[in-house]
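Asker: Each chain is listed here by its residues.
Number of protein chains: 2
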Amino acid sequence: MDEFDLISRHLRKIASTEGALGLGDDVARLTVREAAIVTTDCLVEGVHFLPQDPIGTIARKLVRVNVSDIHAKGALPGEALLVLGWPKDRAESELVAFVEALGDDLGLWGANLIGGDTVSTHGPLFLSLTLTGKALGVSPVWRAGAHAGEDLWVTGRIGAGWCGLREVLAEVSGPDAEHYRTPALPGPGAARLVAAHASASMDVSDGLLGDAAKLAEASGVGLNIDLEAMPLAQPDTAVMDQITHGDDYQILFTAPVSNREALLAQAGQEGLKVTRIGEVTAGRELRLLSNGNPVPLPQKLGFAHE
Amino acid sequence: MDEFDLISRHLRKIASTEGALGLGDDVARLTVREAAIVTTDCLVEGVHFLPQDPIGTIARKLVRVNVSDIHAKGALPGEALLVLGWPKDRAESELVAFVEALGDDLGLWGANLIGGDTVSTHGPLFLSLTLTGKALGVSPVWRAGAHAGEDLWVTGRIGAGWCGLREVLAEVSGPDAEHYRTPALPGPGAARLVAAHASASMDVSDGLLGDAAKLAEASGVGLNIDLEAMPLAQPDTAVMDQITHGDDYQILFTAPVSNREALLAQAGQEGLKVTRIGEVTAGRELRLLSNGNPVPLPQKLGFAHE
Numbered sequence: 635m636d637e638f639d640l641i642s643r644h645l646r647k648i649a650s651t652e653g654a655l656g657l658g659d660d661v662a663r664l665t666v667r668e669a670a671i672v673t674t675d676c677l678v679e680g681v682h683f684l685p686q687d688p689i690g691t692i693a694r695k696l697v698r699v700n701v702s703d704i705h706a707k708g709a710l711p712g713e714a715l716l717v718l719g720w721p722k723d724r725a726e727s728e729l730v731a732f733v734e735a736l737g738d739d740l741g742l743w744g745a746n747l748i749g750g751d752t753v754s755t756h757g758p759l760f761l762s763l764t765l766t767g768k769a770l771g772v773s774p775v776w777r778a779g780a781h782a783g784e785d786l787w788v789t790g791r792i793g794a795g796w797c798g799l800r801e802v803l804a805e806v807s808g809p810d811a812e813h814y815r816t817p818a819l820p821g822p823g824a825a826r827l828v829a830a831h832a833s834a835s836m837d838v839s840d841g842l843l844g845d846a847a848k849l850a851e852a853s854g855v856g857l858n859i860d861l862e863a864m865p866l867a868q869p870d871t872a873v874m875d876q877i878t879h880g881d882d883y884q885i886l887f888t889a890p891v892s893n894r895e896a897l898l899a900q901a902g903q904e905g906l907k908v909t910r911i912g913e914v915t916a917g918r919e920l921r922l923l924s925n926g927n928p929v930p931l932p933q934k935l936g937f938a939h940e
Numbered sequence: 635m636d637e638f639d640l641i642s643r644h645l646r647k648i649a650s651t652e653g654a655l656g657l658g659d660d661v662a663r664l665t666v667r668e669a670a671i672v673t674t675d676c677l678v679e680g681v682h683f684l685p686q687d688p689i690g691t692i693a694r695k696l697v698r699v700n701v702s703d704i705h706a707k708g709a710l711p712g713e714a715l716l717v718l719g720w721p722k723d724r725a726e727s728e729l730v731a732f733v734e735a736l737g738d739d740l741g742l743w744g745a746n747l748i749g750g751d752t753v754s755t756h757g758p759l760f761l762s763l764t765l766t767g768k769a770l771g772v773s774p775v776w777r778a779g780a781h782a783g784e785d786l787w788v789t790g791r792i793g794a795g796w797c798g799l800r801e802v803l804a805e806v807s808g809p810d811a812e813h814y815r816t817p818a819l820p821g822p823g824a825a826r827l828v829a830a831h832a833s834a835s836m837d838v839s840d841g842l843l844g845d846a847a848k849l850a851e852a853s854g855v856g857l858n859i860d861l862e863a864m865p866l867a868q869p870d871t872a873v874m875d876q877i878t879h880g881d882d883y884q885i886l887f888t889a890p891v892s893n894r895e896a897l898l899a900q901a902g903q904e905g906l907k908v909t910r911i912g913e914v915t916a917g918r919e920l921r922l923l924s925n926g927n928p929v930p931l932p933q934k935l936g937f938a939h940e
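First to last, the protein sequences are chains A and B.
Position in the first sequence (first residue = 1) + 634 = the working numbering.
Position in the second sequence (first residue = 1) + 634 = the working numbering.
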């Protein structure tokens, strides 16, 4: 199985837009123009997913970890480039299933594959996607931009990534196992909500507390986070684990208090779950509150793939 | 050593443009606009480079295999995103040297690092760069576009990649060992030449004959290639190996006969070596000629990293 065979036989089927040139050139045309952004995230076997995970869910996770970054900026996905380091001992039937799921999921989020590179390796499965996006507003919404007094919001549920991984490792079919394998994104409605209302925004991919600390640092503000308000995936189990581990792929954002009503109305129209989990403060401190009282922060706020 | 440490300590130093946002967000601003193109190429330890290759030359090779694609389209590099799969057992001092060489070489070709992703793995060193470019002309020059009767040109010397690899494997310090490790690109002068004159163009990275076959196929033409005209790196050694193996990173292009004089004049001004190695024909056949007589084509025209 050589590089050209891989590309021509499987990837061409899902690269049908004009910019892709049928994957028949060394470079692709980039059509995204104004307010363009780009992100790249990789997934490696044994680090970001388990060797035994179904190949289709790995493909969808690769797409979604990148789409999540684009949506969090109040933007919609545009064009994608794939780098595929395929282990020599993985079956070609798996490759076919991978490409089909990748094409499906890119299509689901409105992204087009325009190019990439493939290599057959002796190492673990190594996947990387570069994804462009176009901001829905005049500008993308960055991590910096939060102001003291604003509300802190989060979409969906927090902790589903951690709870799901526990279920997968224990080989029980719990409610969040599927989310761990193929994150359920809040979707383009969340991108529209961010574009319309958010002052600062990022996706929650490495643990809510750690990501909140990053947003606060980038904005030069503090945050009070209300533990009781947190929309936990499984409220009756390890709370600190759920708010410090990764793979949630929800969106954490700040917005002026004056937007609160309009924001909730728009979320309702979009069928989007959003929860106000705290407020932006003038200090630089990240504080976790329970019934108004400070709770000691865990030593490790977030999760890094080491 | 975790992901955030890697990024913040080493990569921020070389990501100083506005679009990079100091690598402090999940996405980067893409500033390239008109006639924009994008490419992504990966390098994997044991496949594209040897484990014992100096880390600085690996970084430069990563940059150059991508810059080569951009130059071949008559374009100049713009913005870069790095995916770095760093083996857990590689020293951090190597990482510092890698980032320094990467920054140096991106700067040399006018490219700016704006983002990326890093992961620490148990697999081989896995590197991928996504590079945007901006066409110098109205449009990039694609593989398709050659017309019967045109000249076929190549920059520099062909076979240096293969000769260099032989030297490196034999541990002799031949003239091309350094080219294998850090390809000497023809440079931006070649991009200007392509933009001004070429009808079709691509870089020679997988063996001249195989790449010529791809250009011919994309253009729907045939090619007569004159073996005597070929600017071989080492004319007295295995000729067929030199024209069928990879890592040359020269530019193969076609241009109207009427451009011949102006093309040579511009190449002279740029200090650029170009050689007319054949002509475009109306058939679909790739023919290798020696003193006007057909030479049987080798079974394998190019080299794929399997």
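Warning: the hint list may mix true and false statements.
Pairs count within a copy or across copies, as identical chains cannot be separated in the list.
[Claimed, not checked] Distance condition first, Cα-Cα at most 35 Å in a straight line; then the derived DSBU-like pairs of lysine-lysine: (1) LYS647 - LYS934; (2) LYS722 - LYS934; (3) LYS722 - LYS907.
It is worth saying that the hints were derived from the structure and are not from the lab.
Asker: Against this structure, judge whether each hint is valid.
Answerer: Against the structure, the hints:
no. : hint            : verdict
1   : LYS647 - LYS934 : between (44 Å within a copy, 26 Å between copies)
2   : LYS722 - LYS934 : between (37 Å within a copy, 21 Å between copies)
3   : LYS722 - LYS907 : neither (43 Å within a copy, 40 Å between copies)
The structure is inconsistent with hint 3 alone, although it conforms to all the rest.
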